[in-house]
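Asker: Here's the letter readout for the chains.
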Amino acid sequence: MKNPRRRFLSLAGAAAGLVAVAGCAKDAPQDTWQPAGPNAEMIDNLQRPVFLVAGIVGVIVFAAVAWVVFRYRDRGQAIPEQTHGKPAVEITLTVIPVLILIGVAIPTASTIFDLAKTDDTQMVINVTGQQWWWEYDYPAIGDNAAKYGLSQPIVTSGQLVIPENTKVLLRVTSRDVIHSYWIPKLNGKKDGVPGRVHLLRLEGSKPGIYAGQCTEFCGLSHSYMRMETIVLKRADFDAWVANQLAPYEAPAEGTLAKEGEALYIQQCSRCHQVNGLADAEGNLIVSAPEQYVVSGAAPNLTNLMTRNTFAGASWDLLTQECRDVVWKASADEFGAKYLAGVSADCLNQKDLREWLRNAPEKKPMYVDPTKLQETGGKYRGMPALGLTEDQIDALVAYLLERK
Amino acid sequence: MMITTSSKLLYGLGAGSLAAGFVWFVANEGQQLGSVMFAFLAVAFIFLGAIASYTRDGHVLSTDTAAHASSAASQKSVGRSLWPFGTAVSAGVTVVGLISSPGIFKVGVALLIAMLGEWMISNWAERASSSNEYNTKVRDYLVHPLELPVAGALLLAVIVLSFSRVFLALSKSVGAIVFAGMGALILFFGALIAVKRQANRRVVGAILGVLLLALAGTGVATALDGEREQLTEAAEEDHFAHRGCTEEKEYSDKKASRAVSMKSSILANVILTEDGQLYAEATGYPGQQSAITIQRSNPSTILFVNESSEARRMVLSYGKVVEDLGDGVERESALEACTSKVEKGGQQAVTVVVPKPSSASDEPFTITVPGVEGAKIDVFVP
Amino acid sequence: MAIIERPSTEIAVAGGATVGVKPSEALGVFKRPGASNSWRDWIVTVDHKKLGIMYGVAAFVFFIIGGIEALLIRLQLMGPDGKVLSADQYNQMFTMHATTMVFLFVMPMVSAFANYFIPLQIGARDVAFPRINAFGFWCWLFGGIFLNTSWFLGGAADGGWFMYAPNSSTLFSPSHGIDFWVLGLQITGIASLTGAINLIVTVLNMRAPGMKLMRMPIFTWMALVVQFLLLFAMPVITVALFLLSFQREFDATFFDVAAGADPLLWQHLFWIFGHPEVYILILPSFGIVSEVIPVFSKKPLFGYPIVAMSGAAIGFVGWGVWAHHMFASGLGPVSVAVFSMATMAIAVPTGVKIVNWIMTMWGGKLQFTTAMLFAIGLVVQFTIGGLSGVTHSVAPSDTQQTDTYYIVAHFHYVLFGGAIFGLFAGFYYWWPKMFRKQLNEGLGKVNFWLMVVGMNMTFGPMHILGLQGQPRRMGVWTEARAGEGFFNIGFWNMIASIGSFILAVGVLMFIINIVYTHKSKRVPIAPLDPWDARSLEWMTSSPPAEHNFDAIPTVNHLDEFFHRKYAEDPNSHEIKQVASAEEVLADLNSRPDEHIHMPSRSYWPILVALALPIICYGLIYNRLLMAVGAAFLLLTMFGWAMEPSTASDDDFDPPAPGEGGGHTKELAPLG
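Chains as they are written, first to last, in our numbering: chain A, 1 to 403; chain B, 404 to 785; chain C, 786 to 1456.
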């Protein structure tokens, strides 16, 4: 008889090895072993020894099984003594895991409380999930207004922008079903539960883009609910805030973008707010997503082209080359590259146009349009608008100026 | 022959009812209530038919004289029956109900059906054979599966109803004492019975019976007397409607919206201090806030805590809405959400969905307390 | 069937003649079912062994269905932006995969073993409530079928098996899938609850003389713990399902935030059920390997009392750890810390079991039969799953891992590598007992190795996928987030998908093995005691007669059967065989019990069970149908209540074959 347990032993060894090198994986956007901020580091400092201990215990158990299987296989030996156990052995082998677990429990408890600390918060951002995108709003009260120049609230989506080395407190909630906010390199996840506000601390110690995904199953397009957190140097962050708060600039008369604006007012502004956009009589337009969408919200598009993803961060607004320029920029250059936004040359025309042509085909939005009566006629996500190619040209031209 | 004469009739009626139910269903375009009634009628007939089949209509071959002499039908009735009396009382209740109220009428009809059913079955069972013992057994076999659950449910209903009436009439503090007292009493009796296992079942039964009667009696008495004052007032005010968030004195039961779930998912606590200051405590913001943010279109629960000496209410104003009433007529109404009046030390939560951003409104969104000058919290809806 | 069963008593009337109501001609409409060898006998049977086999067969069919669902999931995730399934189909697929595997495969397969072997292991003739036992089986089967008909009626449930509110409300899931799910589970829940009560009463009251609790075979022990878990866990999920169905069918607002409710209520209810459920799935397999390992090590289970008590301890502590499924739900640090500690505590009794299995083998005389291989497979793979479980108990670390593939890896190591490997050990070990033939050992080893390789190839890489941040329940993954190099999730997803097909081939080998064993003429009838086993179920014929034992043995030892076969030589202290299995059985049967009484067959259990799906279809589609179902339920329950649990011989169809060979024998107290 061959020794079958050897396989497990080597497999276990390999697994332990894999876990050990997992930390060195390069370019793994959602790797949970590459912390880029103090909160994720706290977790990492805890989980590394725990995995190590678990690995060692595993190897010991596998070795014991392998030894037993090898040593006591039936080689014609006599029927062994019918012993029912040895209390001393049993007690020892019970006490050892107890001690190991106590060793694990103490740092676990202290880390739990460290991660829940909120009294040193420097910035507060509300994060609201809905099917299937995240909205961020930066309230203009408290330190936000006093220290970070947020004289007006900023509402954005998809990409959360935070200043470097700043203790940001996310107040996570949801408008419809339960979602979960997770940027693996910055912290563990926290569910956004409708009606409740849950707190999650983020702090990035290096400028860059940190990817994440909604991790609580939230319905049809759960896989298309992604998000990114952008960490910027303080100066870059201030520039970003200033740009977000800059007044609306209408497209020049006679341009394609101007046509797009009219189309936008007619089609898009029902749900999507563009701050400062006014109709022909000069009345400010306030979107009314609560009349059309189940969640009662749609992404604010005022500065769409400053973010480089759209539709729940599922598609890039940048072409592949331009995207690489931003994502792979060094920490020092990153701010400038990111703040450049999306230029006409860099725009990922294909995905954006497909989206405008028929959004639900690209990202499943509702199972069955005939079921709209179940929701009181409201959509779950963006419907297909039936735009012509000319109209799409105009809209793209208009949207390109939203930066 | 399995299908006896009388069961033929009953099965026929059952099938007829089923057909009628179907016809009704088709004729009334899927309106179900009538069909359901017919379906149950069919069930009843088929059930009776089954009983007839089971007893073979009490039929015995006429040539078999020996069998005839001892056949079920030729047995004498045992006498002594509760059911005629019960039927008479039920008929009386039905008549009274006919005159006074539909509720009593319905109870009467139900009683009447039950009594007649019981009468019929015991009448049959008494003649099932010449053995009284067997007759009782066969009756119990037939009716106990129906009787016992119904009796149990009725007993439970009496207890629950009486209990709840008593507690609705008692004031809150007395209620707690009575509740504890009754609990202790039940525990005491339970322990007594458990310890004295040989206790006479009749005695125990009698005690329980008396207690039940007392409970039911008190229940009826308190039900007639009416609920405690506060509850009546609360019901009259219709505090769920929240119409008009003004300062006038209106009472409401502050318990109404102190659900545990509401306390567990609070966006902000709004606290009115003894000296008339209003401030907010919101998750994630340190200390006392004079402004809060509510997410647009998001159900948000705000808990109002009144620490001032007077009963106060909290009002959240979030703009205006213009309704188109047709013919060019428009009605403008303020969007408000408010708690009922909350006594000193009381709390009450309000869940609100704000559909529009505050920047879209001419007037600022605020939380105020009518009657308290300067008590104001700014509300931002981005 | 009789609408109303005829009372069996004959009546003596004045004058001496027994006339009155004459049984065979006077009363009753249809006859009571009698013994026969046709398929009808399976419909009306109340025999715990037949019910056990039916549970097993039906559960295995659902295992195949659930497996196909799993393969479709793996096909979808094989490459980026999978196109095999639409988003909606994918959501249905993973919801139903989990639901099927948990409620329609592992739980009923455990019921199969428990039904078949608990009475045999404790030396009883049947379970305490045989008709309820049959009712439970039919409830479960109809519930399972009802649940799966949703595939053809507008789509299955799409909210995940955890069915978190508010995503489960009609607003977010307008198809009837979740209605089917809720009601189907409600029906199968009845089966679990009645089964639990039945088996608890059986074990507590019907053990053979001398069979103290601490002499019970360990499988019976674990199954008993599981029945208690079911008894307390099922009501919780029943309440939760009622709340959900009221919300969906009657517009209640239990989880509606705008009405002031808190959706976390559902999570608490679900996991208070859901975590004990995990132990409901795994403990019976622990029991099975605790039978298999001693037999093939030729040693008693090491630390029998500790293994039994640690099982009970797992069952108990299992109630205090539910919130570790909710570490990311925002419970607050105090709750998180408490549940984190409690979860660690549960690792101790689990670890004790692994240690005891290894110690049982230590110093033994190991025979690597297929059953033993599966048992050792469980020990190793469960250890991996258990250790990754410990890493989850570290709450901060869990907030990185929860809802990622790391969790998927963890619970598949526990449930596939653990529970299902245990069940397969049980299949190979008990097959000759149930079907008189041993499954082929050669094919069995191929089956085992394919499953080990497939299982580790499928679920091993999921550890990496999870730690690389691939969340669960996502129908597509994108290359943009896949990363580069060795830990590229594209590569590992491919490996996992390939592994899943190897696993499927492994399971296929099992089916081939069954067909080969029973079709091939070369496979001989198995000996009475093929494994040199230790417990009572082997101390009777294979398969056992309807009344299980001709004579109920008196039990003097743990491992009674072994002690009747072997004895210690007083001089040399060597263990020597003193009697063969045949001799032990012949000795026992030399004094057969008289007046063996067996419960009578009945139509009613299946009919009552049949009424439930009718009501549920009615609830979904047409309230009128519901009324019809309710009436049917009422009538059949009434019929059941009227039917004596035993009836005289002439009340059967076909009639009893003469004197002494009747359908019932004389009354004797059960147990």
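Each hint should be verified, as a subset may be incorrect.
Unchecked claim - Label pairs and their computed distance ranges (CB to CB):
| no. | chain 1 | residue 1 | chain 2 | residue 2 | range |
| --- | --- | --- | --- | --- | --- |
| 1 | A | 84 | B | 605 | 48 to 58 Å |
| 2 | A | 84 | C | 826 | 37 to 47 Å |
| 3 | B | 589 | C | 936 | 46 to 56 Å |
| 4 | C | 1357 | A | 84 | 16 to 26 Å |
| 5 | C | 1031 | B | 577 | 51 to 61 Å |
| 6 | B | 682 | C | 868 | 23 to 33 Å |
Derived by calculation from the structure, the hints in this document are not laboratory data.
We put the CB at the ideal spot given by N, CA and C, even for glycine.
Asker: Please go over all the hints and tell whether each is borne out by the structure.
Answerer: So, going through the hints one by one against the coordinates:
1. Our hint of 48 to 58 Å for residue 84(A) and residue 605(B) holds, since their Cβ atoms are close to 55 Å apart.
2. For the pair residue 84(A) and residue 826(C), the supplied restraint of 37 to 47 Å holds, since their beta-carbon distance comes to about 43 Å.
3. Hint check: residue 589(B) to residue 936(C), Cβ distance near 51 Å, so the stated range 46 to 56 Å holds.
4. In this structure the hint that residue 1357(C) and residue 84(A) lie 16 to 26 Å apart at CB holds, the actual value being about 21 Å.
5. Separated by about 34 Å at the C-beta atoms, residue 1031(C) and residue 577(B) break the suggested range of 51 to 61 Å.
6. Separation of residue 682(B) from residue 868(C) is about 56 Å and departs from the stated range, judged on CB atoms against 23 to 33 Å.
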